[in-house]
Amino acid sequence: EAEVAQSPRYKITEKSQAVAFWCDPISGHATLYWYRQILGQGPELLVQFQDESVVDDSQLPKDRFSAERLKGVDSTLKIQPAELGDSAMYLCASSLAPSGYEQYFGPGTRLTVT
Amino acid sequence: GENVEQHPSTLSVQEGDSAVIKCTYSDSASNYFPWYKQELGKRPQLIIDIRSNVGEKKDQRIAVTLNKTAKHFSLHITETQPEDSAVYFCAAGGNTGNQFYFGTGTSLTVIP
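Order-wise, the sequence lines are chains Y and H. Numbering-wise (the numbering used here), the first sequence opens with residue 1 and increments by one. Numbering-wise (the numbering used here), the second sequence opens with residue 1 and increments by one.
By construction, these hints were calculated from the structure, which means they are not laboratory data. It cannot be assumed that every hint is accurate.
What the hints assert, rightly or not - Below, in silico cross-link-like pairs of lysine-lysine (DSS-like), each with a Cα-Cα straight-line distance of 30 Å or less:
#, chain 1, residue 1, chain 2, residue 2
1, H, K22, H, K58
2, H, K37, Y, K11
3, Y, K62, H, K42
4, Y, K15, H, K42
5, Y, K11, H, K42
Produce the entire structure from the sequences given, and follow the hints as far as they go.
Encoded structure:
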């Protein structure tokens, strides 16, 4: 069964450093999401792509976070500079299309900022 | 935007009993309501979903009910088993742009 891939699975970085996460969605899935999940809370949408275009990035802290999906397939989420409060699980998900299709989640990247 | 509230935050039941988790949403345009199960250290996985044109959906021991007028939906798990222990998240969205908002989660513990 196809799955969403993410790397790295774990990342420890010092504050003020740059960090990047990669996501490869299920083949054929046009919609890709990046979520941040703080321990004990539900996933919070950071950015949503439809193919290579950003559909929603209203919750993305744009002063330090950036995301791209240049060819409409895999995607990269970057944080620069990282802050202590960025420590969280970063989840990528994909779906066939927006508006009511099941989202399949990747295993996530656990980020610890020291 | 959407606002999803989920209750209770923790729930303990005896094996074999039923568990009910409730969510409310604010955006009347939301039309898709999935429920995800997340075991410790694992990714969220869809267990059941319902669309706004349906009032109830059942899949073996799991059922979801939707009251569009009151803007609330509930997850029902019957004959609970220890392997049902996990964190359950509701979500609402599916309107234009498919902006999903998740609830804060319910940690379910099934006591053998």
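Each hint, compared with the structure:
1. K22(H) x K58(H): With a Cα-Cα distance of about 16 Å, the restraint between K22(H) and K58(H) holds, given a limit of 30 Å.
2. K37(H) x K11(Y): holds, 25 Å
3. K62(Y) x K42(H): This hinted pair holds, its Cα atoms lying about 28 Å apart.
4. K15(Y) x K42(H): This hinted pair holds, its Cα atoms lying about 26 Å apart.
5. K11(Y) x K42(H): holds, 17 Å
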